[in-house]
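Undergrad: Sequences listed follow chains A and B, in order. Heads up, the first sequence is in the working numbering, so the first residue is 1 and it goes up one at a time. Heads up, the second sequence is in the working numbering, so the first residue is 1 and it goes up one at a time.
Hints in this document: simulated from the structure, not taken from any laboratory.
Any copy, or any two copies together, can satisfy a pair, since identical chains are not distinguished.
Calculated lysine-lysine pairs in the PhoX-like style (CA-CA distance at most 25 Å, straight line):
id, residue 1, residue 2
1, Lys145, Lys44
2, Lys50, Lys74
3, Lys50, Lys195
4, Lys44, Lys68
5, Lys195, Lys170
Protein chains: 2
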Amino acid sequence: MTAINQNTPMPTDPNDGMVNGIHMETLLGTVNAIAQEPELGACKFRASNKWLGGNHNCTTVTGFYGAKQEITHKQQFELHADEPPILAGNDDGANPVEHLLNALAACVTTSMVAHAAVRGIRIEELESELEGDLDLRGFLGLDEKVPKGFTDIRINFKVKADIDDMEQLKRLTAYSPVFNTLTQGANVEIRVERK
Amino acid sequence: MTAINQNTPMPTDPNDGMVNGIHMETLLGTVNAIAQEPELGACKFRASNKWLGGNHNCTTVTGFYGAKQEITHKQQFELHADEPPILAGNDDGANPVEHLLNALAACVTTSMVAHAAVRGIRIEELESELEGDLDLRGFLGLDEKVPKGFTDIRINFKVKADIDDMEQLKRLTAYSPVFNTLTQGANVEIRVERK
Chain A
1 MTAINQNTPM
11 PTDPNDGMVN
21 GIHMETLLGT
31 VNAIAQEPEL
41 GACKFRASNK
51 WLGGNHNCTT
61 VTGFYGAKQE
71 ITHKQQFELH
81 ADEPPILAGN
91 DDGANPVEHL
101 LNALAACVTT
111 SMVAHAAVRG
121 IRIEELESEL
131 EGDLDLRGFL
141 GLDEKVPKGF
151 TDIRINFKVK
161 ADIDDMEQLK
171 RLTAYSPVFN
181 TLTQGANVEI
191 RVERK
Chain B
1 MTAINQNTPM
11 PTDPNDGMVN
21 GIHMETLLGT
31 VNAIAQEPEL
41 GACKFRASNK
51 WLGGNHNCTT
61 VTGFYGAKQE
71 ITHKQQFELH
81 ADEPPILAGN
91 DDGANPVEHL
101 LNALAACVTT
111 SMVAHAAVRG
121 IRIEELESEL
131 EGDLDLRGFL
141 GLDEKVPKGF
151 TDIRINFKVK
161 ADIDDMEQLK
171 RLTAYSPVFN
181 TLTQGANVEI
191 RVERK
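Sequences are here, hints too, so could you generate the full structure?
TA: Here it is, written out as structure tokens:
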């Protein structure tokens, strides 16, 4: 069995073995380990949420299951969601659909950067603007024919890289797990029990 | 035309007109305005993302379009994403798929609380645990037959409320925009241009 070492030290020289800021030995070590032992790739990602009153709630992320072991993040992440005043909230956090756009932006960006690194494409700068169309009549139950979720989401990247073929970079975003979850759909099972 | 006032003052008595911490006059005012003038429901939510090197990037959320106007949040929200060391990151933020679970948790929670409020159901406590299955072989391009996104996501709610019918509360989560985007899918259009 090829072990995955989650504590691989970073090199002291920041350019030593790094492409796009990614330590290639670590990344390729993970890729090769999973290629040799496929069950290492099976992950369970997790989040805990607590309602704080009104439209305000907080998600805590502490760890996940991957590489056949429980892995704890270096720090605990807390993510607050709320609604703006027009939607009867206090604006104490981005709202849930804005958090969804964040998840998508983060994932297509990471996917492009990592897959470019593996292919030896060096990216210097990368930024994106996202916009998604959502008709509140769906959420509010005012019209059953109106979709309740986002119908269309547009992502516009601007990139400075050492290749000219922007379509090649675009194709790398197709590896993104969040992009695939949103475009292909996932099964979501909900249970509600009395506390 | 029925105007939506995004600056409706909150009542000085915190219990005055509040259900589940939501100011009902504000919420029902929005519902009635959109019912009378459907185009007020058309929203465009937005996010801007900047790559910070490696697997670290940051999304900024400042405002959105809704009720036929540009609306600015009271504060700017910054959301950091990174990967854990095992995935060649520095753990400077939840990773993108954990952010996706956060968006889903926040949205089904808000949907349950708000739709319960409209129906006069009082919720005292509400928390949830989420877990999603993701096989990294998809993202890493090791096996074309392996889905790249989440396949199954489970949400377990625990709730303290003034009704016994937990199935009724569960049904309210079906209004969630993020739940619907994930289960129904959305069109995502990506453009990449040189900076």
